[in-house]
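Engineer: With chain A fixed as given, assemble chain B onto it according to the hints.
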Amino acid sequence: MAVDQELKIELGKQGVFVTTLQELYNWGRRNSVWPMNFGLACCAIEMIATTMARYDLARFGAEVFRPSPRQADMMIISGTVTKKMAPQVVRLYNQMAEPRYVIAMGACAISGGPFKQGYNVLKGIDRYIPVDVHIPGCPPRPEALLEAFITLQKKIDGQSLTGEDRPRFLNSEAPGEFAVPEPGEHDLEPAANKNVWTVPVVIR
Amino acid sequence: MKTLEEIKAAIEAAVPGAGVEIVQNPGPAAQHSLRLQPGSAFEVAKFLRDDAELALNFLSNVTGVDWPDKEISEKVKVTRAVTKTVDGVEQTVEETVEETRKRVEPGYLEVVYHLFSMTQKHGPVILRMRTENRSDKVELPSMTPVWRSAEFQEREIFDLYGVVFRGHPDLRRILMWEGFKDHPMRRDYVEPDDYDYEPTAHDAVLAKAKAHQAAQQAAAEKGAAQ
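Residue numbers (this note's numbering), protein chains in the order written: chain A, 1 to 204; chain B, 205 to 430.
Everything labelled a hint here was simulated from the structure, so no lab data went into it.
Model, not experiment: these values are computed from the prediction.
Ideal Cβ placement from N, Cα and C applies to all residues, glycine included.
Take these hints with a grain of salt, some might be off.
Stated by the list, open to error - Label-pair distances were calculated between CB atoms; the ranges are:
#1 A/183 / B/404: 24 to 30 Å
#2 B/397 / A/48: 34 to 40 Å
#3 A/64 / B/265: 38 to 44 Å
Excised from the complex, chain A in its bound form (with noise of 0.2 Å):
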């Protein structure tokens, strides 16, 4: 239900405060996203300078670099996923507790990027577990990543409680669990998660 904004405006002038329950939650959700102390390749060192007082992440709420997967809300895929450590990271995302954000950071992350042809490398990581935010760049500027986290913010505030399209953590019916790829004689199996990824249509 929405408050007509004058009407808050002026009601904030005389001291009374109107908003709604989905207002504040989502206002408070979008404001603690901690992110997962975790980092792949060389686009960590770009995340670790996002968090640092040049850029300072924590201006936003992602205050916090957790170090355990059952305190954090977002998991930055920062780096080259590799088909070795993919069935790690697919782990770490299901030991995360709802709600829970992900944010693709780099070429490798979100499609392989330069290594996308190699024997070891996973062509994005949206092919197992749902991305929020895929950033370009290799590796993405700091200001990428703080744009990718405004990004997931406006995503967060934009979100109804309620309705057909509720976030994943309201929905009894979502899959909270993603399938865990295994290592096979070729390849990990599955290629893909069907559940998650299906092949995108390509317009030309």
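Structural biologist: Below, chain B without anything else, positioned relative to chain A:
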């Protein structure tokens, strides 16, 4: 530093019957190397490390090379007897004909070691070893007991090329996972066919993506027909 010929002579004096060969590098780098026989390679390596003058105590790099079976076609002049009719009379004439013959040179796996001396400040001395073939006789002696730094790199060669190092303390795959069957750096490695989604394919990748799509379509049509 001693020249490669002198090193070879020193090895043969120290390890009788070592059977060291010099492999020429025809490129501009001209980094010629010593090819060791697997049977005596360990003794030779110990000599190279412990010899006071050479003192090659630093192994900087170990790498592998895959040499697949090579089909060589060469033109050979062959003389053979041909029956001909000359002036109404049958005669047997010797004739020289050019023939193209094909033969297959068997492939092998090669391991290359680059050695330096920290005390004498010289190097590199390059060693090579070759396996008998690429399938079942792929054993070579491990240099890890001589140079400790070979351990991980030999594991990598075992993983990616499939060379089995005899005497290695911990020969497991290092980059690929346990249970992986292939050797990805071999020339005949067949990669998994995961070309479902190639939005910006070109050249070789485009060809693979098209082949993959064609195969998928054929499978779908076959499924529909049944």
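Engineer: Check each numbered hint from earlier against the structure, then list the numbers of those it violates in ascending order.
Structural biologist: none
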